[in-house]
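There are 2 protein chains.
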Amino acid sequence: MIDVREAKNLIKDNLICERIVSLPLSEACGFILAERVLAAFDTPSFDQSAMDGYAFSHENWDGKTELTIAGEVRAGTYTPDLLKPMQTVRIFTGAPIPAGADTVVMQENVTVFGKANRINIGQITKGSNIRLRGSQTRKSEVALKEGKLLSAPAISFLAGIGIDKVRVYAKPHISIIITGKELLKPGSTISFGKIFESNSLGITAALMQLNISPVSIDFIDDIEEELIRAIKNRMGADILIVTGGISEGNYDFTAEALNKCSVEKLFHRVKQKPGKPFYFGKYLQTAVFALPGNPAAALTCFYEYIVPAIGYFTRKEYFQKLKIPLADDYKKKVGLTYFLKGKISSGTVTVLSGQESYMMNSFAMADCLIQLDEEKEQYIKGELVDVLMII
Amino acid sequence: MIDVREAKNLIKDNLICERIVSLPLSEACGFILAERVLAAFDTPSFDQSAMDGYAFSHENWDGKTELTIAGEVRAGTYTPDLLKPMQTVRIFTGAPIPAGADTVVMQENVTVFGKANRINIGQITKGSNIRLRGSQTRKSEVALKEGKLLSAPAISFLAGIGIDKVRVYAKPHISIIITGKELLKPGSTISFGKIFESNSLGITAALMQLNISPVSIDFIDDIEEELIRAIKNRMGADILIVTGGISEGNYDFTAEALNKCSVEKLFHRVKQKPGKPFYFGKYLQTAVFALPGNPAAALTCFYEYIVPAIGYFTRKEYFQKLKIPLADDYKKKVGLTYFLKGKISSGTVTVLSGQESYMMNSFAMADCLIQLDEEKEQYIKGELVDVLMII
Numbered sequence: 001m002i003d004v005r006e007a008k009n010l011i012k013d014n015l016i017c018e019r020i021v022s023l024p025l026s027e028a029c030g031f032i033l034a035e036r037v038l039a040a041f042d043t044p045s046f047d048q049s050a051m052d053g054y055a056f057s058h059e060n061w062d063g064k065t066e067l068t069i070a071g072e073v074r075a076g077t078y079t080p081d082l083l084k085p086m087q088t089v090r091i092f093t094g095a096p097i098p099a100g101a102d103t104v105v106m107q108e109n110v111t112v113f114g115k116a117n118r119i120n121i122g123q124i125t126k127g128s129n130i131r132l133r134g135s136q137t138r139k140s141e142v143a144l145k146e147g148k149l150l151s152a153p154a155i156s157f158l159a160g161i162g163i164d165k166v167r168v169y170a171k172p173h174i175s176i177i178i179t180g181k182e183l184l185k186p187g188s189t190i191s192f193g194k195i196f197e198s199n200s201l202g203i204t205a206a207l208m209q210l211n212i213s214p215v216s217i218d219f220i221d222d223i224e225e226e227l228i229r230a231i232k233n234r235m236g237a238d239i240l241i242v243t244g245g246i247s248e249g250n251y252d253f254t255a256e257a258l259n260k261c262s263v264e265k266l267f268h269r270v271k272q273k274p275g276k277p278f279y280f281g282k283y284l285q286t287a288v289f290a291l292p293g294n295p296a297a298a299l300t301c302f303y304e305y306i307v308p309a310i311g312y313f314t315r316k317e318y319f320q321k322l323k324i325p326l327a328d329d330y331k332k333k334v335g336l337t338y339f340l341k342g343k344i345s346s347g348t349v350t351v352l353s354g355q356e357s358y359m360m361n362s363f364a365m366a367d368c369l370i371q372l373d374e375e376k377e378q379y380i381k382g383e384l385v386d387v388l389m390i391i
Numbered sequence: 001m002i003d004v005r006e007a008k009n010l011i012k013d014n015l016i017c018e019r020i021v022s023l024p025l026s027e028a029c030g031f032i033l034a035e036r037v038l039a040a041f042d043t044p045s046f047d048q049s050a051m052d053g054y055a056f057s058h059e060n061w062d063g064k065t066e067l068t069i070a071g072e073v074r075a076g077t078y079t080p081d082l083l084k085p086m087q088t089v090r091i092f093t094g095a096p097i098p099a100g101a102d103t104v105v106m107q108e109n110v111t112v113f114g115k116a117n118r119i120n121i122g123q124i125t126k127g128s129n130i131r132l133r134g135s136q137t138r139k140s141e142v143a144l145k146e147g148k149l150l151s152a153p154a155i156s157f158l159a160g161i162g163i164d165k166v167r168v169y170a171k172p173h174i175s176i177i178i179t180g181k182e183l184l185k186p187g188s189t190i191s192f193g194k195i196f197e198s199n200s201l202g203i204t205a206a207l208m209q210l211n212i213s214p215v216s217i218d219f220i221d222d223i224e225e226e227l228i229r230a231i232k233n234r235m236g237a238d239i240l241i242v243t244g245g246i247s248e249g250n251y252d253f254t255a256e257a258l259n260k261c262s263v264e265k266l267f268h269r270v271k272q273k274p275g276k277p278f279y280f281g282k283y284l285q286t287a288v289f290a291l292p293g294n295p296a297a298a299l300t301c302f303y304e305y306i307v308p309a310i311g312y313f314t315r316k317e318y319f320q321k322l323k324i325p326l327a328d329d330y331k332k333k334v335g336l337t338y339f340l341k342g343k344i345s346s347g348t349v350t351v352l353s354g355q356e357s358y359m360m361n362s363f364a365m366a367d368c369l370i371q372l373d374e375e376k377e378q379y380i381k382g383e384l385v386d387v388l389m390i391i
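Those sequence lines, one after another, are chains V and E.
Residue 366 in the working numbering sits at position 366 of the first sequence, with consecutive numbering throughout.
Residue 16 in the working numbering sits at position 16 of the second sequence, with consecutive numbering throughout.
Hints are computed from structural coordinates only; laboratory data are not their basis.
It is possible that part of the hints are untrue.
Which copy is meant is left open, so a pair is good if it fits within one copy or across any two.
[What the hints assert, rightly or not] Derived DSSO-like pairs: lysine-lysine, alpha-carbon spacing no greater than 30 Å straight-line:
#, residue 1, residue 2
1, Lys323, Lys381
2, Lys126, Lys181
3, Lys316, Lys148
4, Lys115, Lys185
5, Lys265, Lys64
6, Lys126, Lys333
7, Lys381, Lys271
All values derive from a computational prediction rather than experimental measurement.
Next up, chain V with everything else stripped away, as it sits in the complex (with noise of 0.2 Å):
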């Protein structure tokens, strides 16, 4: 039996997780980026107009006498014509400067007369109100580097600047298997000595937190060889979660079936409460988790060692980790690490009543899980825990 430290440790030692795929910009928001982007042009690729007003050359230009409105240019049209000293052309804002102009004056800022023809200007700076070509990226520069979170207004930039596709650090694929003769379907009649399923569908949950669905979840009636025929099934996987049959009981033959696919254990067992019996190991490229049956039990591994694990492939950070006080004491027993489940209220931290595995009920009010350390037995009101967001 390994503790907490070695088991994350063991996890992030073993992953193999080299994932890059090319994704359509459209469908890359929230990756990380696993290439620099480099940009195809200058942004903006024209010298444009930053304001609606007057476009003129203050070069040409005497400081005082008013200019002939001469024309109109707004956004998305072009303008050949090469423009007079004193004349002056309307102009809207990210339309493009016509040659020979040098300065925008605002419209807020200048009066019309002469049948609206012409205009007279205040004072005014030569350069003024112009978004000069490449002042926001220049070509061939780095747009954005590699490991950059693409957020909504990332995608609006690299949108911006013409790409199309990026590269990033894929999501796993995942399979889940779920074992277990006493499980129903929810929604179903209860009948006697059976239970509900519910690792499925909260470890979907869990998964659809991390924008990632599962490529295959499996149904095995407590069979050893169906478990075997499964596991061998979906050893493609980049991450295999197995729950239930992990225990020492003697209808736990999880680890046995895994161990027969050949899968290479690297630990089972943690000094941890809830999830002793979490198993990991691996099969060429695949990562198999094998969690306890128990659905809190189930959740608290996920949560603290399969998300971490996901975050690998994806280089990202998924839930906040927090130092929080706690909200009252609490007494463990030393030996086990605890992750109990909490809820955050004015700065502090309160574990919440129903700690027991079994007890959904207390997980479902959550919003953190709380870690207490293994060597300790006593905490004291106000203390700072390790507190792991979960929402």
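Mind docking chain E on chain V? Use the hints.
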């Protein structure tokens, strides 16, 4: 022109967002419950073992005599026979306690002997290691209250008590109309005077952060009749977002088109930078937001105004609001609220360089928007400012 606070209040007061839907539990993660969920059964629905061990009648035991193993009961099975005094059954976690038994002893705490059909038990309290029927949830009691976030553990909890569908506050149906004659599709060749269209991708990506896909995106080439047709066509949406054509240039006819579509204008122009031309109106049940075409201004208005509006539908707060000390002094003009692209590092927030409204590269690096007050001119390093996280 109104101020930011008035604009936010007008949106809040004028949204009609009573959309409730029934969803399969498998699709309900991340939604807010619009009903209280009652338990249909006791859970556990039977007394069950919390351990792998041996079940026996503590009541009929003298505290020292060894017990005879009469059989075995595992999860998902049912033992009709009454257990006799001084008998025990091998039992596994989650299995039903046989009639006549009242206590389970952990397998680690017994000695098996006599051809492995008898056990010796140490000290144990009556009732140990049994999860009593109804000890998590009692039939007819409220399992989850209205207003509760359906986290993954909440989904797992509800599945575990046999729930398979829930009523939740629905996401709004959102339609987007992009206007602009100057817009090219990203990936196409740049041509003089044109820019790449990025708002459709940027806004869709930002909606994806909220797990929302727009129901439609129309592209309109700055022709008023076409715009009017598109607006009328999309009036079934809960939220209609129009980008571009909302400034005061001669070709900015979005406000006029909305007026011709009988959209009631609630405000147009807000004392803010960027996004001054921002417009909000409504037509029957449809909330209409018109954003400046400038991508940075459009996304700023999206995060500051439309995300909270979506939250009124879904009853969620999507992005964290924090108060963080400024990393440096900052001087602004009085009379406008500023929304600045910021980045948090080591507990302070830095105003990124490149705040001009067309500079998307700074927005691409930002993790937050910093809000600076309309009436204030000078901010001092270390001063707490309002920050809206955007990732």
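To see whether the hints hold, each was checked on the structure:
no.	hint	verdict
1	Lys323 - Lys381	both (14 Å within a copy, 26 Å between copies)
2	Lys126 - Lys181	between (81 Å within a copy, 29 Å between copies)
3	Lys316 - Lys148	both (10 Å within a copy, 27 Å between copies)
4	Lys115 - Lys185	neither (80 Å within a copy, 40 Å between copies)
5	Lys265 - Lys64	neither (85 Å within a copy, 41 Å between copies)
6	Lys126 - Lys333	between (75 Å within a copy, 22 Å between copies)
7	Lys381 - Lys271	within (25 Å within a copy, 47 Å between copies)
In this structure, the earlier hints numbered 4, 5 are contradicted, and the remaining ones agree with it.
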